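Q: Sequential numbering from 764 applies to the sequence shown in my numbering.
Wrong hints could be hidden among the right ones.
As the list claims (entries may be wrong) - In silico DSSO-like pairs for lysine-lysine, Cα to Cα no more than 27 Å straight-line:
{"#": "1", "residue 1": "LYS975", "residue 2": "LYS1007"}
{"#": "2", "residue 1": "LYS975", "residue 2": "LYS896"}
{"#": "3", "residue 1": "LYS1007", "residue 2": "LYS896"}
{"#": "4", "residue 1": "LYS783", "residue 2": "LYS817"}
Keep in mind that the hints were calculated from the coordinates and are not lab data.
Because the structure is a prediction, the values reported are computed rather than measured.
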Amino acid sequence: MLPWLLCLSLAFLLLLLLIKLHLLRQGMEEISGQVGQRLTEDSNNPIFLPSRDKTLMGLAAALNLQLRQLRQARQCYEGGDRELKEAVTNISHDLRTPLTALCGHLDLLEAEELSEAAQRHVAAIRNRAEALKRLTEELLHYSVILSTQEDLVLEPVSLNGALEESLASFYAALTQAGIHPQIQLPAQPVVRPLNRDALARVFGNILSNALKYSGGDLTVALNEDGEVRFSNAAPGLNEVQVGKLFDRFFTVEAARSSSGLGLAIAKTLVEHMGGQISAEYTDGVLHIRLRFEPPRFLQ
């Protein structure tokens, strides 16, 4: 009789243990789901558990503490980021007025009879003033893009047509620089949900980059999968520099007049439209690739 009682007791304990493990598993799954939800939503709701298990309640309390600290850190970051964008915008606006006045006085000075030495000095001042003016405009554009990127309206846009328009607008500058682009486009339109103005800005910034770095050639290719490739010889670059091309304010020796924001702006816009952009350097050739996936309902 005693062995049977012992077996029944062990079976009962095993059943209780299995029930306990099942409840713990349910509680862990519930915690996992709520943590994922709290991380993706802007909510102050704590993790709630119907279970009264002390271990799970302790875990939930610890996670609630970490989530509160994470929310506070995120709020501080978003507040600081917003203040920085506003400061950059205000600085850009404040710089435009004196720069405009400076350029106006330079115009008047250039109209005067100047010695050869004075003309050289005025030309140097003009060059740096124009560079500062371009930097100010790029800073303003970049801050505006960062603050309004959520307002981008996407619509069906033909990548073929957008590329042709951008290349046409840059054709005179490219040919003047001795660059005759080789263009490869598919016969069928490649349509993606994009913002037309943002896409034109992206292509324009990449083509401006080609004007700075190209060794005299440029190939632009689009395939039916929505990948756009810009390739050109770039003897003045190396792999380390190419890896930093999308960093804000990064410039290289060959392009001191650049603000270093053109490709950073392109990256921001491409990613906000759901695309990817990358750069690589192979055998002295710079390749900038963009890829826009088709809408999910077409996949």
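Q: Compare the structure with each hint and give your call.
A: Now for the hints, and whether the structure bears them out:
no.	hint	in the structure
1	LYS975 to LYS1007	holds, 16 Å
2	LYS975 to LYS896	holds, 18 Å
3	LYS1007 to LYS896	holds, 24 Å
4	LYS783 to LYS817	holds, 12 Å
Violated hints are absent here; each numbered hint is respected by the structure.
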